[in-house]
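Peer 1: Using the sequences provided together with the hints, build the complete structure.
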Amino acid sequence: MDPGMEEMMHLAKMERMRARLPPAEEVAKALVKLMEHKKSRGDVLEDGQAALALQSLQYCSRCRAVDRDVLLTILAVLHRRVQANVAAHPDLAEAVYREMLVVGGKVGWLWKGVAMWVKHLSYSGQARRGQEVLLEWEASQDEGGREKETGKLPALIEHAWADVLHGHAQKEDEATLLATWEMLKTRGIHTSRTVKQTVLHFYLRGNDIAAVQRWFAELWQASQFTPLSKPESHQTAANDLHQVLQWCLKHNTLQFGHSIVREAMSDNPPKPIWDAIFVWAAGTGKGADEINRMLSVMEASNNNISPTQPPRLADIATINALVEFAISKNDPYLAERFIAIGKARNIEPDARTYVLQMQYRLKVNDVDGALTAYASSQAMDLSSNQDIPTVNALIVALCNSKRHDFDSIMNVAADLSDRHARFEAPTVAALSLLHLSRDEIHDVIDLLNTHAFHYSSAERQTILEAILNYALDPSTPTARTWDAYTILLTIFDEIPRSHRTTLMLDFHRRSRPDMAVHVFNSMRSHSRADTIPTISTYISSFMASAQSRDLESLQLIHNQLKLDVNINPTTKLFNALILAYTACGQPRRALRFWDDISASREGPTYNSLHITFQACQAAPFGDLKARELWTKLRKKGVEIDQELWGSYLGALAGNGDLDATFHAVQEMESEGRWEVSKEVLGKVMNGAPNRAKQKVVESWGRERYAVLWEELERVGWEEAGDGRRIFRVGREVEP
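Counting in the working numbering, the sequence shown runs from 1 upward without gaps.
What the hints contain is simulated information worked out from the structure, not anything from laboratory work.
Model, not experiment: these values are computed from the prediction.
Please note: incorrect hints may appear among the correct ones.
As the list claims (entries may be wrong) - Quick list of in silico lysine-lysine cross-link-like pairs, BS3-like style, CA-CA up to 27 Å: (1) K171 with K185; (2) K29 with K39; (3) K572 with K636; (4) K39 with K112.
What the hints assert, rightly or not - Here are the in silico distance ranges between beta carbons for each label pair: (5) E713 with D657: 50 to 58 Å; (6) A479 with G637: 55 to 63 Å; (7) E718 with K632: 30 to 38 Å.
No residue lacks a Cβ here, since even glycine has one placed at the ideal position from N, Cα and C.
Peer 2: Here it is as structure tokens:
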């Protein structure tokens with residue numbers, strides 16, 4: 001866990017519990033400690049950390065414990081990486097800017113704050129809000145915020161406008177994008193390459209050829225290649241050319257693509273432009289041999305360039321670009337041909353080549369081939385860390401293949417660890433499951449403690465769900481499911497109530513109600529409102545206890561309910577209690593909850609009546625309670641259907657008074673209220689307390705309702721533990 005996080009998490013917990021808060025000075029120190037750590041390591045602030053930092057900053061602000069240095073440190077960390085679609089970062093950037101206004105200082109210091117706020121708004125899908133902030137800021141400054149010395153907008157604010165344009169481009173809102181472009185034009189900041197790239201890339205996501213032609217022409221005019229131009233500008237122009245040419249291939253606008261290539265080749269362009277054109281040629285159907293001849297043409301063109309210009313020679317970057325194209329087309333054979341061409345020209349593979357080999361071999365599930373490419377890459381210069389995402393994917397593939405031994409997997413993982421490289425969330429998830437399958441619980445905890453607190457909420461959710469799915473897999477032994485649960489409880493405090501409830505029900509299905517009660521109690525003792533049990537959680541627990549016929553777990557959770565001040569019992573909850581106590585052999589106790597339902601403002605539902613008649617069926621002298629309830633229903637004029645009548649008859653039969661049951665059937669028939677059906681006969685049969693009584697019902701049914709009885713027997717029955725036949729009639733009553 002990063003320095004300072006523990007103190008900030010403690011503050012969040014105390015605020016949730018409305019308990020005594022820690023001193024603001026300690027929280028401010030923790031905030032600085034976290035930011036300094038991030039700054040020194042070059043790490044980004046993940047969304048969960050940003051939310052805690054915001055909460056801590058707001059608390060320190062209320063206690064007047066914020067100074068300029070704290071704000072500058074947060075700004076430096078926020079500048080590291082802007083994450084898309086994350087709410088916490090824009091809120092933190094806004095809070096920092098508001099604090100900067102309070103602290104005060106020169107206007108240049110405030111530019112940093114407003115520019116960072118706008119950047120995070122724009123990249124998180126709130127570009128309109130970012131634009132409003134900029135306009136409000138300009139209105140508050142003299143002469144639209146321009147610097148007095150130059151009459152220009154500060155560079156930070158120019159970049160902020162470019163960020164707003166980028167945000168509108170991501171929303172795919174053409175009208176707003178062009179309106180914002182006009183606003184940049186009036187401010188004289190529309191000519192930058194970044195701005196033009198933003199608009200071009202917006203149109204590359206669509207199919208408007210005229211717009212792509214216009215904006216590429218504007219961008220290409222800015223790419224004047226001279227002996228003095230920097231190599232970085234050559235690569236940038238080549239990247240733009242490559243993207244437009246790939247767009248032409250995708251949309252089959254080859255004529256436009258050929259015209260671009262002719263223009264680019266009109267004056268022997270720099271080598272990166274040649275590389276982009278080689279990829280275009282491969283895309284138009286040129287084979288590996290034709291591309292090889294084109295490489296020779298490029299090298300021959302060196303006779304026509306100035307000695308001061310770098311020569312156009314095919315290198316490994318050329319080969320890698322072609323290999324990458326082959327991978328995008330799912331053509332590993334073509335990729336190997338390009339690598340062979342490179343070797344024939346004495347172009348040795350570099351780290352990027354082996355990374356690409358790993359990628360396309362993983363793509364076709366050739367894990368052994370990817371492992372071979374990985375071994376070859378170890379002799380290369382890996383200081384740029386470009387291989388890390390692919391090595392992460394290799395570890396996941398090794399874990400999932402089930403064919404590679406543990407040591408082979410851990411050797412690759414150890415390499416990443418020795419390089420202090422980032423383990424991606426899917427990698428940590430796969431390694432966690434590997435250790436769990438070997439009962440290496442401490443290794444799982446060490447792995448998660450090392451990495452899990454450095455991830456975003458979405459990445460943590462990836463790991464959480466992988467371990468949860470492993471725990472819920474029916475093939476996972478109960479002991480390992482319990483281990484997985486304890487790990488989740490230790491590392492992932494944010495486990496939602498729904499996942500916890502699912503685990504609780506799974507332990508009931510595994511005939512471990514004691515473990516299920518532990519899961520429930522962990523929810524009950526939690527401080528977050530989105531985790532503590534709700535009425536639905538209690539109902540799920542009661543129904544699970546009913547399913548497993550476990551009275552002890554039922555009583556334990558019922559006792560928790562009595563003490564839970566957050567729960568106002570409902571009819572549905574009382575229904576669940578009646579069902580659960582009846583199923584656990586306590587029907588007399590179950591019937592007490594009918595009195596609670598009757599006395600409540602909500603009152604009973606039809607399900608309450610069915611459930612109560614079921615309890616009467618199982619309770620000693622329950623027929624008396626059933627008659628009392630039946631009389632009350634008829635007296636109050638409650639609408640009674642045939643199904644409810646069947647439940648009442650089952651309650652009468654349950655206490656063995658079959659004469660009274662048969663009389664009730666005949667009485668209702670004579671009144672013409674309901675007709676006997678196979679479902680009614682089935683409920684009477686199912687209600688009979690033993691096999692001897694069932695035989696009496698069977699004789700009566702066969703004699704009086706022979707046709708219906710034959711229909712009932714066609715429905716089918718199951719034999720209960722006491723030898724009774726239980727016909728498949730009636731519905732499963734839910735609370």
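Peer 1: If a hint holds in the structure, say so; if it does not, say that too.
Peer 2: Now for the hints, and whether the structure bears them out:
Of the supplied pair hints, the one linking K171 and K185 holds, its CA atoms being roughly 21 Å apart against a limit of 27 Å. For the given pair, K29 sits about 15 Å from K39 by alpha-carbon distance, which is consistent with the 27 Å threshold. With a CA separation close to 22 Å, the supplied pair K572 and K636 stays within the 27 Å bound. A threshold of 27 Å between alpha carbons decides the hint, and for K39 with K112 the separation of about 17 Å falls inside it, so the pair holds.
Between E713 and D657, the C-beta spacing of about 25 Å breaks the proposed range 50 to 58 Å. The beta-carbon spacing between A479 and G637, approximately 57 Å, falls within the hinted interval of 55 to 63 Å. Between E718 and K632, the C-beta spacing of about 34 Å keeps the proposed range 30 to 38 Å intact.
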